[in-house]
Structure formats: C-alpha cells, structure tokens
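Student: Here are the chains, one letter per residue:
There are 2 protein chains.
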Amino acid sequence: MIIVKGGVATAKGFLANGLAAGIKKSGRPDLVLLYSEGPCAAAAAFTTNSFQASPVKISRAHMANATHRAIIANSGNANCANGKSGDRDAAIVVERLAAALGVGKRTVLTASTGIIGHDLPVKKIEKKIPELVLGLAADGGTRFAKAILTTDTVKKEMAVKVRLGKTVVTIGGACKGVGMIHPEMTVSKHATHLSFITTDAAISKKMLEAALQEAIEDSFNMISVDGDMSTNDTCFVLANGYAGNGKIASKNKDYRLFTDALKFLAKEMARMLARDGEGATKLVEIEVAGAKNKADAVKVARKVSTSNLLKCCIYGEDPNWGRVVASCGASGVAFDSGKVDVYFGDKKAVSNGGRIGSYDKEEVRKLFKKDEIRIKIDLKSGKHKATAWTCDFSEKYVKINAEYST
Amino acid sequence: MIIVKGGVATAKGFLANGLAAGIKKSGRPDLVLLYSEGPCAAAAAFTTNSFQASPVKISRAHMANATHRAIIANSGNANCANGKSGDRDAAIVVERLAAALGVGKRTVLTASTGIIGHDLPVKKIEKKIPELVLGLAADGGTRFAKAILTTDTVKKEMAVKVRLGKTVVTIGGACKGVGMIHPEMTVSKHATHLSFITTDAAISKKMLEAALQEAIEDSFNMISVDGDMSTNDTCFVLANGYAGNGKIASKNKDYRLFTDALKFLAKEMARMLARDGEGATKLVEIEVAGAKNKADAVKVARKVSTSNLLKCCIYGEDPNWGRVVASCGASGVAFDSGKVDVYFGDKKAVSNGGRIGSYDKEEVRKLFKKDEIRIKIDLKSGKHKATAWTCDFSEKYVKINAEYST
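In order, the protein sequence lines correspond to chains L and H.
Residues 0 to 405 (numbering that gives the first Met the number 0) make up the first sequence, in order.
Residues 0 to 405 (numbering that gives the first Met the number 0) make up the second sequence, in order.
Bound conformation, chain L alone (with noise of 0.2 Å):
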C-alpha cells in the first residue's frame, strides 16, 4: 500500500465538484458532489443520535438500493429537527439532482452539515444544481473537499494505492468536521462529521459493508473532540469496479488486503479530524493496552479522551497524570488500579497505580510542548487493545461555540 497525492475523484470512473450556493452567511463553498461514471456497491454509517438529521433518514432508506451513483452534500445547514418541512426538502434537494443527472433518486445519497433547526435553503440549491452538475471533473476532488468545510480550518483528503493480485485499486477519500465530534456510528443503521470515501475496487455490498464496519470501530468512532455526538455523522463509501479487479465476494485475501487499506485512510483521516478539532493546539492519542477484551479498552480509551479536565492541562503543557487515572477509574470499568501503569510518550509516569520517584516532570514537560501528545495506559489486565484520539482543549474553542450561531 502506498499513499498518494489525491481525494474522492482519485479513483477511476469518479468526479466531484464544489461551489458556493449561498447556505453559509460567509459567502463560502457550500455544496457539493460526487458522483460515479457507473453503478457503485455502496456501505454507509450513521449516527446513533436519537434525533437523526432529514439527510441521515432519506440516505439510510436509499441504502436499501443495490446500487448508487452519487452523493450531494452541503454545508452551513445541519437540516435537523426540522419537522416535515425539513425532510420534504431532502428529498427535493435528491430528487432535483437525480433528474439532473439522469439517474434514479433511489441511487442518490445525501448529507449536511451546519446549525441544527433552520430551514435548508432549497431554491439556493435547486438553482446552483446545473452549475454544480456542469462542473464535476476528476480533480474536483479538492472543491470537493473545500466545500464540505464548517470550523474546520484546513481541508482533509487523501488517497492510497494497494495491489490486489495484478490489480491496482485506489481508495480515497475526503472528511470534515471538528466539533460536535464524538461519533458512535454503526454500519447500515445510524453516523457532525462527514466522511466520503470512493474505490475503483470491485467488491460486493456485503463486503463493502463489513470493511467498513471494521473501518470505523478503530477510527471515527475513536475520535472525540468534545463529547458531543452529532445528530449529522454520516460515512459513506461508493466501490465503482472500475479498477477491475477480481470481485471481493468473500472475505479472502483481497478482502483482507483491501480492508486494511480501508482501515490506513479512515485512521488517517480520524486523525485529521482530531488534529483540527476547534480551538485544538495538539493531537492527543491515547492508547489502552492490558484490557480483558476489547470493549473494555474502548471504554477506558473513550472515557480518558473525553476528559475536560486532562485536555485543559494538555493545553497548559502540563504533564499532569492524576488527571489521566481519575478519568480511567471513572469509565466504569473494573480493573485493578494497584496495577495500571500510564506513560507520557516513552516516559513512565505512574507505576502500579501510584506515582514513581524517578518521575521528571520538568523532562516530560518537554513532550507536552510538541504538537502531537501520546498517553499509553497499561492497565496489565488481560491482552485487549484500543486508541482513541482527541485534541487539547483551548479558550478558542470555547469562543467558537459560545458565538457559533449569533
């Protein structure tokens, strides 16, 4: 596997597009596309929000078609809880495309992003549809990725290549979204973040379905930036056949070479999600090992990235790791505390569950000045493993929320 240069147009037989429709007050990109040259095999994940936004119900009854050719998507708007009103515009936005494209509207998918409770500006959209039909291209990848934008401050797209037999398939894909971020998503039933991935891979629905399955549990559903679960997340994937490579209907050797590139770039782009959270100065990775199974290293993971207070002294460079075992022993799961151990990148800091004199905090004060941060904790409990990803917590991402819709 090797990564490339490129996003969700990367692969064959895919183009995208991006513009502005006038949805963000800024007068920023807005809408977008990605559509496919010919019948994809689709997998999808939603968010387990009990409040689902109209885009996530019309995309998750559509997954029940064999096949789709295109995903529009906005910004700027989140069109939840909205009513009626909200989902009969998701629709219009599907069906207006559809007969753009001359495809079925059971092909199409959709998602948005942005304030929950507005009315989504449909004529805006209804009338950039031609222009954003017209001007779908094979490096339109980057619009794309432009496009879907909110608080992000950069763009996140990337692509890579794995030799399947004599094939070459491409996998590539672009996300966006650093608050409201923790997603709990699951395949085929519920996923404000958004993430598109394309292939020219040839595989079956099924199997498409269960590498994205495996995808997600070790990266979307491992980054939080703020506690916060979206009523908006949605991962889709779209696997063209285009590369012409032997069909994966199993899960055989391709399968497994494939799902584990799968699995490189939904890390890669979770960590990028991660790394821009709002107001975020460092990424902070937190990886539980010496778990009895693995749900229990999940938990431990997710409750520590959660942690308010050990993002604030992440912030303050302050290698302060009572707030690490507070947060572990507050995940509500059993384990010995007697015995955990927990490290600031290779340095030990705590030992059986008490702190060690050879402790330098002035040394590993140093860590805390790089961007990246990496907290391992071993609770030597059993053999089970998970990372979580989060970010610092500054003052900017207070500010940004505290006048996110005024």
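Some hints could be false.
Identical copies go unnamed one by one, so any copy, or any two together, can satisfy a pair.
Below, in silico cross-link-like pairs of lysine-lysine (BS3-like), each with a Cα-Cα straight-line distance of 30 Å or less [what the hints assert, rightly or not]: (1) 384 x 298; (2) 369 x 395; (3) 83 x 379; (4) 369 x 204; (5) 338 x 398; (6) 123 x 252; (7) 395 x 83; (8) 24 x 368; (9) 4 x 123; (10) 369 x 127; (11) 165 x 104; (12) 360 x 160; (13) 246 x 123; (14) 368 x 398; (15) 83 x 298; (16) 346 x 56; (17) 104 x 346; (18) 298 x 56; (19) 204 x 360; (20) 56 x 379; (21) 56 x 338; (22) 365 x 204; (23) 266 x 11; (24) 83 x 360; (25) 365 x 23; (26) 365 x 384; (27) 204 x 122; (28) 165 x 291; (29) 368 x 395.
Bear in mind the hints are in silico, worked out from the structure with no lab data behind them.
Chain H: place on chain L using the hints.
Tutor: Only chain H this time, still in chain L's reference frame:
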C-alpha cells in the same frame, strides 16, 4: 422547615475549626476539624471511581464502626495515587487526631481534596493538630467552610431547622468543589466534591444511611461541572441525637420529615457547587420530564448537563436549542424524538422534536442574560422526572485548569 444562618456547627453538640497548615502554597486555610461532644450515628457516600484516594479508603473502613466522633479533612492535596505511603500518611493523621481528642481512632473519619499524586505533608498537619483541637468552637463552622475550599470562589454552608413532633432538630452543612465535578456516589460504598452535614437529630445509623442515599440521588449525584468524576468525592452526615427527639429507627413520619429537610439542604448545597463551577457565570438547571422511568430521566438530564457545546452557548447567551436536542439524542435513552418539547424558562423552543414558528430568539436571549437558566425537556413518553444542575462553560475554566498544577 425553616432555613437558618449556619453550617456544620449549628446543630447542638458540634464544634468546628479551620486553619492554615501550609499544605496550600498560597498559605490559605487548608485544614479542618469537625467534632461532636458525644457519639454520632454516621452515614457516608464515597466516589465510585476505581482509583480511590487514601482518605476514602480509610473512611470507608472506619464506617464499619458503630459510632463516630470527628472528621479531619484537608484541602490542597488529594492524597490519591500515592501508593502505600499515601495510605500510611492518611492513617497517621487519623491516629494523631484521635490521640489529641482522646477518642478511638475508628471513630475518626477523614477526607482530602486537591492535587493527585503529591505526598501529603503529614508533618505540617501533625504540628497543627493541637491548635486545630484547641480552636474547636460552636462558631467555628465558617472557619471550617472556608478552609475546605480549593478553586471555589465562595464558601458554601447552610442550615435548616425542622420540627419532629414537639422537638426541633437542626441540620447543617458545608461543602466545596467546583472542578472535577461529576459525582456518582453511593452510600457506604464509594463519593472532589466534599460535603459535611451534621444534625442533632436522634436517628439510627441504618435510617441515616437510607436518608443520605435518598438525599444524594437528587442532589450531589445530579451536578456536573466538567463531567470528570473525582477520586475523592465524599459526603458525610453525623447525627449526635442532642436534640432529644424520639429516635428515628424506622421509615415513620419523623423519618420523612427529617429526610425531606436533609434532601432540601443537600439540593441547595449541590446548587451552590454548580453555581460556583470553575469559570462559571451562570447556574443551569436541566429538568427532564415525561420519561418512562426515573433512570431514563436521570440519564438524559445528566447527558445534557455535560454537553460542552450547550454550556458554551449558554456562556455566549445564545439560546441554541439544537444543542439541547442533539445531546438528548446522544443519551442512549430510547424515546420518540418526534414528541420532544424543549423550554427555555417558560418559553417553548421545540415542539414535537422540531422548532416552532413562534419561537422568538431575541426574546429568549433576554432569559439567557440572567444568572440562572432553566431548561426543561419533556420527552412525553411517561411520568418520571429528574433535575440536573450544571454551569456555563467559559474561557476561564480552561485557564484555571491549564494552569492548575504548575
């Protein structure tokens, strides 16, 4: 029931003191003592955190004793995760105090609050014990209330009187804790908020424990400042029987009167803590109604009370109800999102899961300028209720906690 001026030493037979022992670098008061002239029935609730501070461990063991006489507590150091030397230090403090008071060491309880992972300065404490004992006084409650504070900006104490038959009993208390506040305590099991309650009511230990369990459920266990559960949370109640009422030994009418007064006191103390949350400018009350059962109501109220996004927009005085519904939906409680109503104060903002046309954001914004904000969520799925308290989230919280230990 009437509210009277007072605190931990207002009930008959209780004396208190607080002074500076040099545990805090600032030189502010940091060591307190509460003493009953006669033996007390005691009940306690401790943190459920897997990491338990040394004073929590020792107090938990001492709760097995039939009666208690005194509580010694310090601020400025949590004595947590200090290994065996931490346990030994806590034991030394208790033993020295017991000797100075001439009481059995198992009648002494203890609590600590402050930074985790630093040695308790036992010598400094030992040196101050004689002065601490000599200064015990019926008017020492306020000295006590001041010396237990850490990042708190105001002392928190109150007292009530309630008539049981022909006898008037007094219940008084003091508490502290405005960061690492998300208690989940259970009586005689595990509870850095600290609260100390005294009463001159005659009540059996068993009934006192039952009363305390009722009281913490709707008070301390329903507040959150930052979602971070402490290793040191402790709530003590001492009852010395000096009021001379007929001893409460069953859940009779007097039990109900006493417990209702205790619940009132605990709720008001919990509100004081939330209002003084680190960096807080507003108290936020979140009432959930219409839940299928109490556990669901508690789960939704607790989830909404920990939403960083909601707390930021309250700080920004921005009535963004989208963050309320997103957080309800993330609670994991099953309800029909299409039935949910949300009120800010008395103004309805959401009806049946969607915004309402008559919602006047500018009018509601005026409510958000007050220093107490009420949010009501009606799930319309049942008859159960719960109320949680939190505060808004300001840049000051980040500042306080980025600089805490350095």
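Student: Now, for every hint given, state plainly whether the structure supports it.
Tutor: Results for each hint:
1. 384 x 298: both (11 Å within a copy, 28 Å between copies)
2. 369 x 395: Classified as both: same-chain Cα gap 19 Å, cross-chain 24 Å, threshold 30 Å.
3. 83 x 379: between (52 Å within a copy, 19 Å between copies)
4. 369 x 204: neither (42 Å within a copy, 54 Å between copies)
5. 338 x 398: neither (40 Å within a copy, 33 Å between copies)
6. 123 x 252: neither (47 Å within a copy, 67 Å between copies)
7. 395 x 83: neither (36 Å within a copy, 41 Å between copies)
8. 24 x 368: between (37 Å within a copy, 26 Å between copies)
9. 4 x 123: Answer is neither: 33 Å inside a copy and 63 Å across each miss the 30 Å cutoff.
10. 369 x 127: neither (44 Å within a copy, 43 Å between copies)
11. 165 x 104: This pair counts as neither: shortest intra-copy Cα distance 36 Å, inter-copy 78 Å.
12. 360 x 160: Neither, since 43 Å and 50 Å both go past 30 Å.
13. 246 x 123: Answer is neither; intra-copy 41 Å and inter-copy 74 Å both fail.
14. 368 x 398: both (23 Å within a copy, 17 Å between copies)
15. 83 x 298: Classified as between; 28 Å across copies, 36 Å inside a copy.
16. 346 x 56: So residue 346 and residue 56 pass the 30 Å test across copies only (29 Å; inside, 47 Å).
17. 104 x 346: neither (56 Å within a copy, 40 Å between copies)
18. 298 x 56: both (28 Å within a copy, 25 Å between copies)
19. 204 x 360: Close neither inside one copy (52 Å) nor across copies (46 Å); limit 30 Å.
20. 56 x 379: between (43 Å within a copy, 22 Å between copies)
21. 56 x 338: Result: close only across copies, 17 Å inter versus 46 Å intra.
22. 365 x 204: Neither: 48 Å inside a copy, 52 Å across copies.
23. 266 x 11: within (23 Å within a copy, 63 Å between copies)
24. 83 x 360: Classified as between; 21 Å across copies, 57 Å inside a copy.
25. 365 x 23: between (41 Å within a copy, 26 Å between copies)
26. 365 x 384: Result: close within a single copy only, 27 Å intra versus 49 Å inter.
27. 204 x 122: neither (34 Å within a copy, 69 Å between copies)
28. 165 x 291: For residue 165 and residue 291, neither the intra-copy (41 Å) nor the inter-copy (58 Å) Cα distance is at most 30 Å.
29. 368 x 395: both (18 Å within a copy, 22 Å between copies)
The earlier numbered hints that this structure contradicts are 4, 5, 6, 7, 9, 10, 11, 12, 13, 17, 19, 22, 27 and 28.
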